[in-house]
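The residues making up each chain are set out below.
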Amino acid sequence: MNFDDTPQEAEFRATARAWISANAPRQYEDELRKSSLGRTALKNANILEVAKTWQKKKADAGWACLHWPKEYGGRGSSPIERVIWQQEEGPFGQLSRMFIIGHGMCGPTMMAFAREEHKRTYLPPLASGEKVWCQLFSEPAGGSDVAGLRTRAEKDGDDWIVNGQKIWTSGAHYSDYGILLTRTDPTVPKHKGLTMFFLDMKSPGVEVRPIKQASGASDFNEVYFTNVRIPDYQRLGEVGDGWNVSLTTLMNERSAIGAAVSTGFPELFEYCSSLMLDDGPAIEDRAVRSKLANWAVKASGLKYTSMRAISALSKGERPGPENSIGKLVAGSMIQDVATYALDLQGAAGVVSGPEDAEVAGRFQAMLLRAPGTRVEGGTDEIMRNIIAERVLGLPGDIRVDKDVPFNKIPTKGR
Amino acid sequence: MNFDFSDDQKQLRDQARKFLAEKCSPKAVRVVLDGKAPYDKELWKGLAEMGFLGVAIPEDFGGAGAGHLELCVIAEEMGRANAPVPFSSTVYLAAEALLIAGSDAQKKKWLPTIAAGEAIGTLALFEGKGNPSPKNVKLTAANGVLNGVKKPVADGAIADFAVVAARTGSSGRENDISLFLVDLKAGGVEIKSLTNLDPTRGQAELTFKDCKAEPLGAAGDGWSILTQVLDRAAVLCAFEQVGGSDRALEMGRDYALDRIAFGRQIGSFQAVKHMLADMYVSATLARSNSYYGAWALSTNAAELPEAAAAARISATQAFQHCAKNNIQVHGGMGFTWEFDCHMYYRRANAMALGLGSLSYWEDQLIDRMRKKNAA
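Chains as they are written, first to last, in the working numbering: chain A, 2 to 415; chain Z, 12 to 386.
If you are wondering where the hints come from, they were derived from the structure by calculation, not from laboratory data. Fair warning: this is a prediction, and the values are worked out from it, not measured in the lab. Don't take each hint at face value.
[Claimed, not checked] Chain Z stretches covered by chain A per the calculated footprint, using a threshold of three residues with CB under 8 Å from any CB of chain A:
hint, segment
1, 13–26
2, 371–385
[Stated by the list, open to error] A short list of chain A residues far from chain Z (calculated; beta carbon distances all over 10 Å):
hint, residue
3, A23
4, P125
5, G149
6, R153
7, R290
8, R309
9, V352
10, G373
[Unchecked claim] Within a straight-line C-alpha distance of at most 25 Å, the following computed BS3-like cross-link-like pairs (lysine-lysine) qualify:
hint, chain 1, residue 1, chain 2, residue 2
11, A, K292, Z, K140
12, Z, K120, A, K292
13, A, K292, Z, K29
Note that beta-carbon positions come from the ideal geometry of N, C-alpha and C, so glycine has one too.
Using the sequences provided together with the hints, build the complete structure.
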């Protein structure tokens, strides 16, 4: 048992470290390091532009989408090399956020289902960040139950005409392309009538409207489709096979191995280490220490769970299912951490403006952004279902609509 | 990076699992649970024959000289099987204290007999309520004899010898405490068995009256040695707790698959599924924290104090969580003596206290994290 690199890994790490050290935008390092949930912005620069510049620089030197084949803009690296890269990229990895959906989900789906000429055309600029992609799955009528989506695509000659509405689309407002899951046959059961496409987000009839979130910020969008024309050759997979295609996309969401999940713990520990309460330092208070200790072991448990998965990659094995706990644990933990940090501030905790709030309002921002982390990318409840069914082998939920034609499924609770 | 046990160590784990499945069935555990024997002597003998008792004891002292990682994988299986033997007292506490502080003669006397299954050892630290602290040690040592009362002492009624924490000074500092070795069969100790949460592991009260004792380690070093012993034992116990957590989770999962209510497997109800998923989360966090503890223990890393406290807290929580919810999944049947669920519930809650309670280890963890940050 050890934490040492193999000689090849050490060599790769040294090469990556040297390149990052010579090329990363160091002027933003401090700000990126201090960013936390709900608070990732640069004071004097547009983070999207900085991110695109960094991504392009990486791509030009062969450091973008490391695990993708070279002909599609990647480096053809092993999974462990990708993890080592993430470790070395450190705070600059924050700049990859706007590409996560494209690189983690759209790219792999294109790789699995697009025509060869499309892969060669679309994947390299996706890897280099010159083109940004989004994923158009969720709808007002289909969140956790994504197969309940209602956006229609109807065949018209060699094209499809799309009408409907998507929601919770991350980054649609700055995306150039998207992968789109539609209903092509409402007369068959819901999983069987779906078809996947990719499309140009500038197509006529596509309208993007930012959602003002409960936190006040706008990271997500509604996307409306009004008679949007998509050529049949932009179809991914067979007509009616969209559900299986989407599973490829969603499976790639697990690519998060090695990427640190935010728990809020380091921020809280740092805060409590200097905070004075009415009767002394917070860190010497019995109740505070107990809370901190309980969160500390969750944070370290997640860290070493991730190390176990990385070790499997290092040995060329498939990681076990342990990593599926990360989002579930971190999501509710960061919410609890933020709530507690405010509790420690007493009445002053209510002030959230960065100029006037405690520690520039980082915990207030965290608190307001936290509910979203427990919903996006699979709600806590869906994550528990996944663990129960795929890891523990428990039965799937009983689905009363499974064999019912989609257009016969009730649409209202009451 | 290889943050995992080696293939050989995994083989050893499989071997231990197979051995215990055969020799330590729930039926065998119940012999001790029902008070028909103080511990499973046959199993103890078998563990010695398999080389498990001395796996981390050097060959010079009659052990297998393998190491602590090997001991961790065996500990996990002991926890999974809920083994009714004085393994933790003898191997994690007494043997580790001897390895850290024993003279050559002391090691030669006791370690080979431990490895051979001929001597049971324990640590006599607590004196009633309270957590590990020098100020809670009142038993005195003077002129080579001990006077005072220790309770609870794990496996105290079946032990052949004990490592005893005694007060040798009154400065109010840690160096008031020294350790002693006591041959419990040589007289001077009254032993009374105590009814306790987990009848598969005995607890006793030991009253020392002018009891002859020999020093273990230098005078005044007692607390520093004890701290090291408790840290090592925290990691090793964490593996037992991880094994117990996994077993309790499996029992709950299996029952949820077998049991039909309202016309369905109860494991198809989200209330039950999600409870089991949360148990899996706890067990996984505990396993990962314990692996880190194992790494720190096996390399004698500077991180051991922090890693041990984290493993201790995480594994204690996981075992308590899995054991109690295993009963909940079983419903009424889980609350019968006949079903095995309560054995894990008892063990989980007894183990949560044995080396000091959760609140003690929470405090330790924060102290140790602060020390590391300051350094």
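Comparing the hints with the structure gives:
| no. | hint | result |
| --- | --- | --- |
| 1 | 13–26 | holds (count 5) |
| 2 | 371–385 | holds (count 8) |
| 3 | A23 | holds (25 Å) |
| 4 | P125 | holds (31 Å) |
| 5 | G149 | holds (18 Å) |
| 6 | R153 | holds (31 Å) |
| 7 | R290 | violated (4 Å) |
| 8 | R309 | violated (6 Å) |
| 9 | V352 | holds (28 Å) |
| 10 | G373 | holds (21 Å) |
| 11 | A:K292 / Z:K140 | holds (23 Å) |
| 12 | Z:K120 / A:K292 | violated (45 Å) |
| 13 | A:K292 / Z:K29 | violated (40 Å) |
Comparing the model with each earlier hint shows violations of hints 7, 8, 12 and 13; every other hint is respected.
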